[in-house]
Amino acid sequence: MGKLLIVGTMAFDAIETPFGKTGRILGGAGTFIGLAASQFKIDAAIVSVVGDDFPQSYMDILKNKDIDLSGVEVVKGGKTFFWQGKYHNDLNSRDTLATELNTLADFDPVVPSDYTDADIVMLGNLHPNIQLSVINQMEKRPKLIVLDTMNFWMDNTWDELMTVISKIDVITINDEEARQLTNEYSLVKAAAKIQEMGPKYVVIKKGEHGALLFHKENIFFAPALPLEEVFDPTGAGDTFAGGFAGYLTEAENISFESMKNAIVHGSNLASFCVEKFGTDRMVDLKKSEVEARLAQFKELTQFNIELT
Numbered sequence: 019m020g021k022l023l024i025v026g027t028m029a030f031d032a033i034e035t036p037f038g039k040t041g042r043i044l045g046g047a048g049t050f051i052g053l054a055a056s057q058f059k060i061d062a063a064i065v066s067v068v069g070d071d072f073p074q075s076y077m078d079i080l081k082n083k084d085i086d087l088s089g090v091e092v093v094k095g096g097k098t099f100f101w102q103g104k105y106h107n108d109l110n111s112r113d114t115l116a117t118e119l120n121t122l123a124d125f126d127p128v129v130p131s132d133y134t135d136a137d138i139v140m141l142g143n144l145h146p147n148i149q150l151s152v153i154n155q156m157e158k159r160p161k162l163i164v165l166d167t168m169n170f171w172m173d174n175t176w177d178e179l180m181t182v183i184s185k186i187d188v189i190t191i192n193d194e195e196a197r198q199l200t201n202e203y204s205l206v207k208a209a210a211k212i213q214e215m216g217p218k219y220v221v222i223k224k225g226e227h228g229a230l231l232f233h234k235e236n237i238f239f240a241p242a243l244p245l246e247e248v249f250d251p252t253g254a255g256d257t258f259a260g261g262f263a264g265y266l267t268e269a270e271n272i273s274f275e276s277m278k279n280a281i282v283h284g285s286n287l288a289s290f291c292v293e294k295f296g297t298d299r300m301v302d303l304k305k306s307e308v309e310a311r312l313a314q315f316k317e318l319t320q321f322n323i324e325l326t
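First residue of the sequence shown: 19, per the working numbering; consecutive thereafter.
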């Protein structure tokens, strides 16, 4: 059974969308990645940090998904990372109302000894120095290192980010971030330039418009499934990443063809994440639901055409 090491926040989120708002609920990149990855037959562990205000019931949600939490540090007297945001009517843009780093400000990750030989490492959106520390703790080079990052790190930690990007295999970013990273408007040109920085594969997420996969001269596109209702897009990108990394860990195959399937599995799981606030939909997601929606994806994208 393949091993997946997940590095990312376990946090409190407070969310407001046109459909309502929440108090503090379970969130964080590591949480969403872990819940998505738990849909696959793999050994998965999360490396993160929380304060002692983080409820045991939230820990149990992840433990009940057979996710190893031995790499999660609980800081006595500390407060857990908190993010509060309000989405605009189109749900594609949002305002950050509050960001409290709390215990994350001094986070020094420690990879559990059982996972220093992980097959795949999924580096969630964190400070590049934290991501680099995890890479340096691996006892051997993982088969695949996947990185998620954002424009904040491009603005504030460019040199550190470039160091990490030079050491990874796959980067997952959105179209705006790809353009900022490369100063190229064309996503094809942006992907080519990013591959020159180090990653062999570039995944560019386009939200409700799907995702693109680039490798050398090869390009693959997977649409997002059209949904009747979207309640909360928080965590959709992380859920995509968890599905992507989880599938590849289970498949034990990191070819371009396998990554095509991983993109579809990631998009499929992300389509569930947005249907309820926070992690609610992912916690109760059943295998039968996942398989039924995969069939919908197949119908959406499969066609026959005669070429003369």
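Do not take every clue at face value.
Said to hold, decoys possible - In silico lysine-lysine, DSS-like type, Cα no more than 25 Å apart, as pairs:
#, residue 1, residue 2
1, K59, K316
2, K97, K21
3, K83, K218
4, K218, K21
5, K185, K278
6, K21, K161
7, K218, K305
8, K304, K21
9, K39, K94
10, K161, K234
Please keep in mind that the hints were generated in silico from the structure rather than gathered at the bench.
Do the hints match the structure? See the list:
1. Among the hinted pairs, K59 with K316 is consistent with the structure: their alpha-carbon atoms are about 22 Å apart, no more than 25 Å.
2. A C-alpha spacing of about 30 Å is found between K97 and K21, which places the hinted pair above 25 Å, so the restraint is violated.
3. Restraint check: the Cα-Cα separation between K83 and K218 comes to about 31 Å, which exceeds 25 Å; the hinted pair is violated.
4. At roughly 21 Å between alpha-carbon atoms, K218 and K21 fall within 25 Å of each other, so this suggested pair holds.
5. Pair hint K185 plus K278 holds up; C-alpha atoms about 22 Å apart against a cutoff of 25 Å.
6. In summary, the hint linking K21 to K161 is supported, as the alpha carbons are separated by about 10 Å, within the 25 Å threshold.
7. Of the supplied pair hints, the one linking K218 and K305 is violated, its CA atoms being roughly 31 Å apart against a limit of 25 Å.
8. For the proposed pair K304 and K21, the alpha carbon gap of about 22 Å is at most 25 Å, so the pair holds.
9. For the given pair, K39 sits about 30 Å from K94 by alpha-carbon distance, which is inconsistent with the 25 Å threshold.
10. Between K161 and K234, the direct Cα distance comes to roughly 19 Å. Compliance with the 25 Å bound is thereby established for this hinted pair.
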